[in-house]
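Undergrad: Given next are the chains, with one letter for each unit.
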Amino acid sequence: MITADGIPLKVSLARAMMRNKMRAMLLVAPLFLFILFSFILPIGQMLLRSIDNPALVEGIPETLALLEEWDRQDVPSEEVFATLAREMIRGSEDRSIGKVGARLNQEFAGSRSLFNKTIRRVKRMETGPYKEAFLKIDKDWGDVELWKNIDRMGKQYTTAYFAAAIDMRYNGDGELIEQPEYKQIYVKLFGRTIWMSIMVTITCIILGYPIAYLLATLPMRTSNLLMIMVLLPFWTSLLVRTTSWIVILGKEGVLNETLVWLGIISTDSRLELMFNEKGVVIAMTHILLPFMVLPLYSVMKTIPPTYMRAARSLGANPALAFWRVYVPQTVPGIGAGSILVFIVAIGYYITPALVGGSDGQMISNLIAYHMQKSLNWGLAAALGAILLSGVLALYWLYNKIVGIDNMKFG
Amino acid sequence: MKHLLKHTTAIVAGVAAMGFVAAGPAVAADAITAVSWGGSYTVSQQEAYHKPYTAKTGMKINSVDYNGGLAEIRAQVEAKNVTWDVVDLELADAVRGCDEGMLAKLPIDELPKGADGTPAADDFLAGTVTDCAVGTIVWSTVIAYDTNKVKGYKTIADFFDTKKFPGKRGMRKTPKINLEWALMASGTPADKVYDELGTEEGINKAFATLDKIKNDVIWWEAGAQPPQMIADGEVVMTSVYNGRIFNAIAVEKKPFEISWDGQIWDIDLWGIPAGTPRFKEAWEFVKFSTDTQRLADQASWISYGPTRKSSVPLIGKHATAGIPMLPHMPTAPDNFKTALQNDFIFWADNSDELNERFNAWLAN
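In order, the protein sequence lines correspond to chains A and B. If you want my numbering, it's the 1-based position in the first sequence plus 21. If you want my numbering, it's the 1-based position in the second sequence plus 164.
Warning: the hint list may mix true and false statements.
Partner residues are not named here, just some residues of chain B that face chain A (Cβ under 10 Å, in silico) [as the list claims (entries may be wrong)]: (1) LYS215; (2) ARG260; (3) GLY278; (4) ASP280; (5) LYS376; (6) LYS378; (7) VAL476; (8) ILE509.
To be clear, the hints were calculated from the coordinates, so they are not data collected in a lab. For clarity, every value in this text was computed on a predicted model and none was experimentally measured. Where a beta carbon is used, it is the ideal one built from N, C-alpha and C, also for glycine.
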């Protein structure tokens, strides 16, 4: 079949479809680019960073090549030391050697100054023998374990960061072993993060459900007022809300002062609500409550009151009618609210940092610590990757059990 | 992979730069960005360095606050988009940043002579000028307590004695300084502290001492927090930077007292991030702000000692409160008796290890 201008209909149709598709693509292109640059690329980079291990490969490539033939029994030969010395001198110019020391130091304490000290002395040396000189500078160079670690860490990619993120480490021979007990922390913190997020989610359901119910059933004028009371804190800065909790819950804060004034507690037995887990759960519940109330409200709003009346007329008492007829219809709202609150809570950072004290820290605080203080970005990335996969697993589980299309935000 | 990482970093940084940074004032050549720790310390720098420098050269100085560490500098240097020009650093960070190529090497021999004609190399206190940074102040971490609630505090051991002195303590959330103090409190003299910390038993002993007060500690992270915590009654005694608490005592007339026993002193330095397009301007500013007069001027705003010997005779009274500043310096003889210098080499080596251990100790 041919159209009026002589082109086959099929072709003409395909062109028209193509044009439409292009137009649609152009419309979403800004969003796509935005997501690509602000979301997909950074996350991909984080995942890369969690296994990327360039310091030794870039800093001392020739030494590493020589170590391939090393027997791993005795201290390496003069040739290895001479090569390392040469690479140290070269690396101290562009300062790539500093990164080698820093990376080794992350898993083998003391390497940083061992490298720095050695570089300073080696620079002044004219000729070898280097092995002897190295051993004279520091007897640690005679430690086979150090050389095994150099060899092990001289790979472009590593799973060492992930091992560290689950409280394990590699020994010189590449076997996975447990960290010493006094350094085990991450597994415990992942557990606590999940536990605290569950606590926050549950308190949000307990507190949010009646509020949402009131909002949905009260007459418009009263419910509007209530809605403003829910939304007003929601619009207030997170930092302001967190610090106001410090004022309220502190040792000499509003709450404690009031209780002492009322004579309920004595001035020596003031409640400790701040700088511990309790403070974090209270403050986070307050901050995340709107995330629970709003989806619940929008679901409850659509439930016709006639269902309850029908249940009553069929003989159910109010409690039974509520439990058997009303609550099941709000499950999508509870699901949506819970998953929102839980996922936001699991990555919470500012509130635990400000009111957490020592036992209210969450895993994000440790990620921030490795980003900002220890500069161990690889470990931070590995922790972040685990957290991310945890959230994805949760999403998958939710989809299996409840079904993601059952989630309603309004 | 390495290239992929670098390319994506460059792309992301480029996009961010197009969107946010290009419009900022920092790129203009008639201004540089000086980064410091905020609060009364930044004020002292603005009064002593920034304002006179702007008056002299017309160069504007943008003040930015940070909480220490090298993270931002490393991010800027790696993304090749450096917006910070001068950064106030702790010694350990200055050395580490230099080793790992995050800070620019400085032409140290261009530093001006002291006002009395001493060459800069002799005028600066030993160790306060490094390849990549120039020292400005000697500061110290001390114990301060509330005189209304604590009576008869004498030595650092009292800080760890919750029976004799009940009440909460404030401590910086890091093993640095706390481990040193824990050893001093259990009887180690100041000059033996780092020898002992170098051994497993020493570390165990220090953590065991910290254990005794663990439940009574509130941890702080920013320098402005401890004066606030003690003023709020959240703690009865706290570790604190001497300059910050001096302002609370002398200027705001708070009933606090400094105990100098076991003070651990350190220095702050100006460093210049590697790759800033305004290196020349930044270096001019560093030279200006570390001359004899400027360092002496700063001491009239906050009780931190100058790193130049020639500045000491010029130290006068506090700019607003009119108090003579010399007796309040960490280096004043009465305060310095049991002082310990923070050993940055020890911490450069062991901070990865000890921080991990400290974090685990905190969480358990």
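Undergrad: Can you give the numbers of the hints that this structure goes against, from lowest to highest?
TA: As far as the earlier hints go, 1, 3, 4, 5 and 7 are violated by this structure, in ascending order.
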